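J.: In the order they appear, the protein sequences are chains A and B. Oh and the first sequence: position 63 is 310 in our numbering, straight run, nothing missing. Oh and the second sequence: position 400 is 429 in our numbering, straight run, nothing missing.
Any given hint could be a false lead.
[Claimed, not checked] Derived list of chain A stretches under chain B, where covered just means 3 residues or more per stretch with a C-beta under 8 angstroms from a C-beta of chain B:
no. : segment
1   : 278-289
2   : 334-340
[Stated by the list, open to error] 25 angstroms max Cα-Cα, derived SDA-like pairs, lysine to any residue:
no. : chain 1 : residue 1 : chain 2 : residue 2
3   : A       : Lys339    : B       : Leu368
4   : B       : Lys415    : A       : Thr303
5   : B       : Lys319    : B       : Gly291
6   : A       : Lys308    : B       : Gly265
7   : B       : Lys292    : B       : Phe516
8   : B       : Lys269    : A       : Ala325
9   : A       : Lys339    : B       : Glu315
10  : B       : Lys43     : B       : Lys519
11  : B       : Lys269    : B       : Ser352
12  : B       : Lys336    : A       : Glu297
13  : B       : Lys292    : B       : Asp270
14  : B       : Lys421    : A       : Lys257
15  : B       : Lys269    : A       : Asn319
16  : B       : Lys367    : A       : Gly270
17  : B       : Lys421    : B       : Asp270
18  : A       : Lys257    : B       : Glu389
19  : B       : Lys319    : B       : Ser442
20  : B       : Lys421    : B       : Thr272
21  : A       : Lys308    : B       : Ala277
22  : B       : Lys415    : B       : Tyr300
23  : B       : Lys138    : B       : Leu81
24  : A       : Lys257    : B       : Val456
25  : B       : Lys48     : B       : Pro97
26  : B       : Lys421    : A       : Thr294
27  : B       : Lys367    : A       : Gly333
28  : B       : Lys269    : A       : Ala311
29  : B       : Lys421    : A       : Met305
30  : B       : Lys421    : A       : Ala311
31  : B       : Lys415    : A       : Glu286
32  : A       : Lys308    : B       : Trp234
33  : B       : Lys269    : B       : Ser137
34  : B       : Lys415    : A       : Asp289
35  : B       : Lys421    : A       : Gly333
36  : A       : Lys257    : B       : Asp376
37  : B       : Lys292    : B       : Pro333
38  : B       : Lys79     : B       : Lys138
39  : A       : Lys257    : B       : Ser137
Treat the hints as calculated values from the structure; they're not laboratory data. None of these values were measured; they are calculated from a predicted model. C-beta: ideal position from N, C-alpha, C; glycine also.
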Amino acid sequence: MAIDRDTARKVAHLARIRVDEAGLDALAAELSGILGFVEELDELDVTGVEPMTSVTPMALKRRADVVTEGENAARILANAPDAREGFFAVPKVVE
Amino acid sequence: MTELTALTIAEARKGLRAKQFTARELAEAFNAAAAASAPLNAYSALTPEKALEMADAADARLAAGDAPDMCGIPLGIKDLFCTEGVPSQAASGILENFLPTYESTITSKLWEQGAVMLGKLNMDEFAMGSSNETSVYGPAVSPWRRAGSNTALTPGGSSGGSAAAVSASICMAATGTDTGGSIRQPAAFTGIVGLKPTYGRCSRWGVVAFASSLDQAGPMTRTVRDAAIMLGAMAGHDPKDSTSADIAVPDFEAALTGDIRGKRIGIPREYRVEGMSEEIDRLWREGAEKLRDAGAEIVDISLPHTKYALPAYYIIAPAEASSNLARYDGVRYGHRAKLGHGDGILDLYEKSRAEGFGREVQRRVMIGAYVLSSGFYDAYYLKAQKVRTLIKRDFDAAFDAGIDAILTPATPSAAFGIGEMADADPVQMYLNDVFTVTVNLAGLPGISVPAGLNADGLPLGLQLIGRPWGEAELITVAGALEAAENFTAKPERWW
Chain A
248 MAIDRDTARK VAHLARIRVD EAGLDALAAE LSGILGFVEE LDELDVTGVE PMTSVTPMAL
308 KRRADVVTEG ENAARILANA PDAREGFFAV PKVVE
Chain B
30 MTELTALTIA EARKGLRAKQ FTARELAEAF NAAAAASAPL NAYSALTPEK ALEMADAADA
90 RLAAGDAPDM CGIPLGIKDL FCTEGVPSQA ASGILENFLP TYESTITSKL WEQGAVMLGK
150 LNMDEFAMGS SNETSVYGPA VSPWRRAGSN TALTPGGSSG GSAAAVSASI CMAATGTDTG
210 GSIRQPAAFT GIVGLKPTYG RCSRWGVVAF ASSLDQAGPM TRTVRDAAIM LGAMAGHDPK
270 DSTSADIAVP DFEAALTGDI RGKRIGIPRE YRVEGMSEEI DRLWREGAEK LRDAGAEIVD
330 ISLPHTKYAL PAYYIIAPAE ASSNLARYDG VRYGHRAKLG HGDGILDLYE KSRAEGFGRE
390 VQRRVMIGAY VLSSGFYDAY YLKAQKVRTL IKRDFDAAFD AGIDAILTPA TPSAAFGIGE
450 MADADPVQMY LNDVFTVTVN LAGLPGISVP AGLNADGLPL GLQLIGRPWG EAELITVAGA
510 LEAAENFTAK PERWW
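Generate coordinates for the entire structure from the input sequences, incorporating the hints supplied.
T.: What follows is the structure, encoded as structure tokens:
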């Protein structure tokens, strides 16, 4: 399926990547090219085939619901671009 | 004595234990070689002081007689692995200045065994690429050149820095990761051995995620024996990765018996792709003949869904990437865009990600967002997951019919020049993975073994694919192939 300008804009927004209006046509063309390539799958009938959810058949392990590591606020904030008083700082979220 | 930097892990292990040289001497030799390798752009960060400290600790263990196999072995680490206090940014601008406060499970295991860290290695951004050209550090350069030419060639990707460094002898071995061929393709391009283990053999904890159901780390080494030794040190269950398998790790090195008599080696007809060059075809044919001469039985097999692997991969991998890379939001770590007056949280996300991600990563994140979006999920993602089941079934049927390993080319061509693909459509670059990507989709182990030089004097590799959890058997066959190929070429030093 070919991607048009409007779809490219929507996809960029879904991906939370700013693309200016001037870049939308090129983006639409690139995405269309890749989608054209993957549409080769359309010739394959997959009726009744189970989708793969895990490549190695194994039950995921469980563990006790207890705190294993904690009290690491300083380490967690160490790489933040803007951390204040033990919190990540962001622009105003609620108007 | 051979130059220290030319030693294999097995040779260095022997020399260290026999006190022919110390781990410190080894580390000093590699520190010097790494420091003099700038034109290769293989290292993104050097850690020479750390290397000496770790080497001294290894020497103390060697003196005390407590020296595991990897003790004192100088390694390069792909930038995708988080290493505590050492820059780790997955070759992406969005992780600029990121200093992990923790260590990946695999590197922790290697350090516990006494291995020595020389530095971090260049790669494609977030491991998305086949030529190392998507790296924020600029491309790594292969130590190999075409005969009579100075054209800079790609070492392949995404583990391009790892491949360049091992083949240039500026580390003894390296870690790599492989989501669609990122260990095996660069290994083939640079004349080294690259092993992608079964999905779940090695812990993914602390390795920056690309596509979680496909990603698997493995060793990149000069020999199959070295790959066996290093895999043994990397593998094993990790409670921090629920997909890592809680099964015993065999002695992979002990599998190097050299005896492949009676092994059934499958040659899949669907891998003879349209437009395949005569030199790749010949390499493949001759490789099969050599295995037959060593006593294996060569069997023609069919893996009928092979041609659908690449399109399925280019739905599944971007979908998982778009989800994994959602964490780069400019809030918790990495790059944050400078905001304008009145910009809100959405502007923060969108601007930070537009500035921090390179073009290929943006492209894949957007493709992923599209195929997962409402109304398209069934047509793309769900369908690709069904195709993945069919691809896995192809392999299951071959192994159930008694095939022990499958022999294929590793890549459709030898290494190409840096920039040669710049004007090509992204899909052209994706075709590099045509022989390797099936293995990730099916979760199988695969190994690339150097098998010859092309007409220009560039390395070519063959791939062997094994049964799930069958790395030991795969190593047996790979060892026999390596012995039969007797690949001894080395790049001439120009850097």
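J.: Would you mind marking each hint as holding or not holding in the structure?
T.: Tested hints:
Counting residues of the segment 278-289 of chain A whose beta carbon lies closer than 8 angstroms to any beta carbon of chain B gives 9, which meets the minimum of three for the stated coverage. Remark: the segment 334-340 of chain A is confirmed as covered by chain B, as 5 of its residues place a Cβ nearer than 8 angstroms to a Cβ of that chain, reaching the required three. For a cut-off of 25 angstroms, the pair hint linking Lys339 (chain A) to Leu368 (chain B) stands: about 12 angstroms separates their Cα positions. For the hint linking Lys415 (chain B) to Thr303 (chain A), the alpha-carbon distance of about 15 angstroms falls within 25 angstroms, and the restraint holds.
For the proposed pair Lys319 (chain B) and Gly291 (chain B), the alpha carbon gap of about 14 angstroms is at most 25 angstroms, so the pair holds. Among the hinted pairs, Lys308 (chain A) with Gly265 (chain B) is consistent with the structure: their alpha-carbon atoms are about 15 angstroms apart, no more than 25 angstroms. For a cut-off of 25 angstroms, the pair hint linking Lys292 (chain B) to Phe516 (chain B) stands: about 22 angstroms separates their Cα positions. A distance of roughly 22 angstroms separates the Cα atoms of Lys269 (chain B) and Ala325 (chain A); the hinted pair therefore holds under the 25 angstroms criterion.
Taken as a hint, the Lys339 (chain A) and Glu315 (chain B) pair is broken in the structure, with Cα atoms around 66 angstroms apart against an allowance of 25 angstroms. Restraint check: the Cα-Cα separation between Lys43 (chain B) and Lys519 (chain B) comes to about 23 angstroms, which is no more than 25 angstroms; the hinted pair holds. Note on Lys269 (chain B) and Ser352 (chain B): the hinted pairing holds, with a Cα-Cα distance of about 20 angstroms set against a maximum of 25 angstroms. A threshold of 25 angstroms between alpha carbons decides the hint, and for Lys336 (chain B) with Glu297 (chain A) the separation of about 19 angstroms falls inside it, so the pair holds.
With a C-alpha separation of about 34 angstroms, the suggested pairing of Lys292 (chain B) with Asp270 (chain B) is violated against the 25 angstroms cut-off. A distance of roughly 34 angstroms separates the Cα atoms of Lys421 (chain B) and Lys257 (chain A); the hinted pair therefore is violated under the 25 angstroms criterion. Distance hint between Lys269 (chain B) and Asn319 (chain A) is fulfilled; the C-alpha atoms sit about 17 angstroms from each other, no more than 25 angstroms. Pair hint Lys367 (chain B) plus Gly270 (chain A) holds up; C-alpha atoms about 21 angstroms apart against a cutoff of 25 angstroms.
The suggested pairing of Lys421 (chain B) with Asp270 (chain B) holds, with an alpha-carbon distance near 23 angstroms, which does not exceed 25 angstroms. Distance check on the hinted pair: Lys257 (chain A) and Glu389 (chain B) sit about 18 angstroms apart at the alpha-carbon level, within 25 angstroms; holds. About 21 angstroms separates the Cα atoms of Lys319 (chain B) and Ser442 (chain B), which keeps this hinted pair within 25 angstroms; it holds. Restraint check for Lys421 (chain B) and Thr272 (chain B): the C-alpha separation of about 18 angstroms stays at or below 25 angstroms, so the hint holds.
A threshold of 25 angstroms between alpha carbons decides the hint, and for Lys308 (chain A) with Ala277 (chain B) the separation of about 16 angstroms falls inside it, so the pair holds. Between the alpha carbons of Lys415 (chain B) and Tyr300 (chain B) the distance comes to roughly 21 angstroms, so the proposed pair stays at or under 25 angstroms and holds. For the hint linking Lys138 (chain B) to Leu81 (chain B), the alpha-carbon distance of about 19 angstroms falls within 25 angstroms, and the restraint holds. A C-alpha spacing of about 23 angstroms is found between Lys257 (chain A) and Val456 (chain B), which places the hinted pair at or below 25 angstroms, so the restraint holds.
With a CA separation close to 15 angstroms, the supplied pair Lys48 (chain B) and Pro97 (chain B) stays within the 25 angstroms bound. A C-alpha spacing of about 16 angstroms is found between Lys421 (chain B) and Thr294 (chain A), which places the hinted pair at or below 25 angstroms, so the restraint holds. At most 25 angstroms may separate the alpha-carbon atoms for a hinted pair to count; Lys367 (chain B) and Gly333 (chain A) meet this at roughly 22 angstroms. Taking the CA atoms of Lys269 (chain B) and Ala311 (chain A), the gap is near 13 angstroms; set against the 25 angstroms cutoff, the hint holds.
About 16 angstroms separates the Cα atoms of Lys421 (chain B) and Met305 (chain A), which keeps this hinted pair within 25 angstroms; it holds. With a C-alpha separation of about 34 angstroms, the suggested pairing of Lys421 (chain B) with Ala311 (chain A) is violated against the 25 angstroms cut-off. For a cut-off of 25 angstroms, the pair hint linking Lys415 (chain B) to Glu286 (chain A) stands: about 14 angstroms separates their Cα positions. The straight-line distance between the Cα atoms of Lys308 (chain A) and Trp234 (chain B) is roughly 15 angstroms, inside the 25 angstroms bound, and the hint therefore holds.
Between the alpha carbons of Lys269 (chain B) and Ser137 (chain B) the distance comes to roughly 13 angstroms, so the proposed pair stays at or under 25 angstroms and holds. A hinted pair counts as satisfied when its Cα atoms are at most 25 angstroms apart, and Lys415 (chain B) with Asp289 (chain A) qualifies at roughly 12 angstroms. Taking the CA atoms of Lys421 (chain B) and Gly333 (chain A), the gap is about 48 angstroms. The hint is violated against a cut of 25 angstroms. The suggested pairing of Lys257 (chain A) with Asp376 (chain B) holds, with an alpha-carbon distance near 15 angstroms, which does not exceed 25 angstroms.
At roughly 23 angstroms between alpha-carbon atoms, Lys292 (chain B) and Pro333 (chain B) fall within 25 angstroms of each other, so this suggested pair holds. With a C-alpha separation of about 17 angstroms, the suggested pairing of Lys79 (chain B) with Lys138 (chain B) holds against the 25 angstroms cut-off. With a C-alpha separation of about 42 angstroms, the suggested pairing of Lys257 (chain A) with Ser137 (chain B) is violated against the 25 angstroms cut-off.
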